[in-house]
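Novice: If you want the building blocks of each chain, they are given just below.
2 protein chains.
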Amino acid sequence: MGGELKKDKTLQVPPASTELTLRPIGVVRSELKLSPGRDHDQPTKPKERITEIRAQHRKLQKLVSELIIDPAFEELLEGIEEFSHILVLYWPHLLPEENRKIRKVHPMRRMDLPEVGVFATRSQARPNPVLISTVRLLARRGNILEVQALDALDGSLIVDIKPYMEMTPEADQPRFPDWLRKLRKDLTE
Amino acid sequence: MGGELKKDKTLQVPPASTELTLRPIGVVRSELKLSPGRDHDQPTKPKERITEIRAQHRKLQKLVSELIIDPAFEELLEGIEEFSHILVLYWPHLLPEENRKIRKVHPMRRMDLPEVGVFATRSQARPNPVLISTVRLLARRGNILEVQALDALDGSLIVDIKPYMEMTPEADQPRFPDWLRKLRKDLTE
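Protein chains in written order, with numbering that gives the first Met the number 0: chain A, 0 to 188; chain B, 0 to 188.
Hints are computed from structural coordinates only; laboratory data are not their basis.
Ideal Cβ placement from N, Cα and C applies to all residues, glycine included.
One or more hints might be untrue.
As the list claims (entries may be wrong) - Here are some, though not all, of the chain A residues that point toward chain B, as calculated from beta-carbon distances under 7 Å:
| id | residue |
| --- | --- |
| 1 | Leu19 |
| 2 | Thr20 |
| 3 | Pro23 |
| 4 | Glu77 |
| 5 | Asp111 |
| 6 | Val115 |
| 7 | Ala124 |
| 8 | Asn127 |
| 9 | Val129 |
Bound-form chain A, shown alone (with noise of 0.2 Å):
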């Protein structure tokens, strides 16, 4: 906890109108859907929204998905088949424009737990909605990778495959926030 932080907030940050653009290099192949009908914003009761993630939870793990990706990238997968884990990065293709501006959400929608920022969470809705999801890769076949536990929906957008390397900091104690201890044992009990 130094003390050489600058104090100056408005120390140049990039103007807000900088554009860095990507292009989608391919799609999932999910049985995930959205449940139509369903308004996923509408708040549920904390009970009822455990349950819910609880089965989500268990579906999920058991899910296999396929990530197609454009042919033309095929090269680039090269050597990703000796890996037993690889890191998606992906677009919610069907997530609002306007929820890119929330500020702060409910963990997993669960009213019970504290509101947070969005960068305190995983939240599909935020400035720049680039998902990650650590999945394990079952097989490849050729442009197609088939993965399991992958909980981005049909449709979503792939934008990029990283290798999981384990580079970072598993050892080194990592310590997390009380509404995430209470998210894992409520998926369990």
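Once you've looked at the hints, dock chain B against the given chain A.
Specialist: Then chain B, alone, in the frame of chain A:
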């Protein structure tokens, strides 16, 4: 290794003309800069390159950088300080546009390692150069995050901040290619 994968390689992928637009939410302030006068695309002899990577790695472990988040997004950081580690998604602002067309690379520019597709590496040269680093969060002061061991160059454009949740398959026997084991072994020996 199920046999259910479709063999039709032309399965609809989104048209390559689809554009997804990101706007930077902040900028990296770091001591890491491109060494002037050094041609980074110049291949180095394997032994020299190993020494170079080791020195960079040692320096990086101690490096403290600042993430200057646009003050307009300060509220979105609320609660982030309860996490010990975060994912920084950033755009390498110095990457030449033509490097987005690179298809295969020697990992870490080590010519003694086999060339693999860029999606099988963490190379910054990739069609959509959204890079991810998992770093320790040392402190937050308003819109400024102080982080440890971030490998982003000074001036890199931040596109998202996510909490590190260890939701992923750390415990699930990950498997890595030989070249990655070699890279790591050479870091310390």
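Novice: So, for every hint listed, does it hold in this structure?
Specialist: So, going through the hints one by one against the coordinates:
1. Leu19: OK, holds: Leu19 (chain A) within 7 Å of chain B, min 4 Å.
2. Thr20: 5 Å, holds
3. Pro23: 4 Å, holds
4. Glu77: 4 Å, holds
5. Asp111: 16 Å, violated
6. Val115: 3 Å, holds
7. Ala124: 10 Å, violated
8. Asn127: 5 Å, holds
9. Val129: With Cβ-Cβ at 6 Å, under 7 Å, it holds.
Violated hints, listed in ascending order, are 5 and 7; each of the other numbered hints is respected by the structure.
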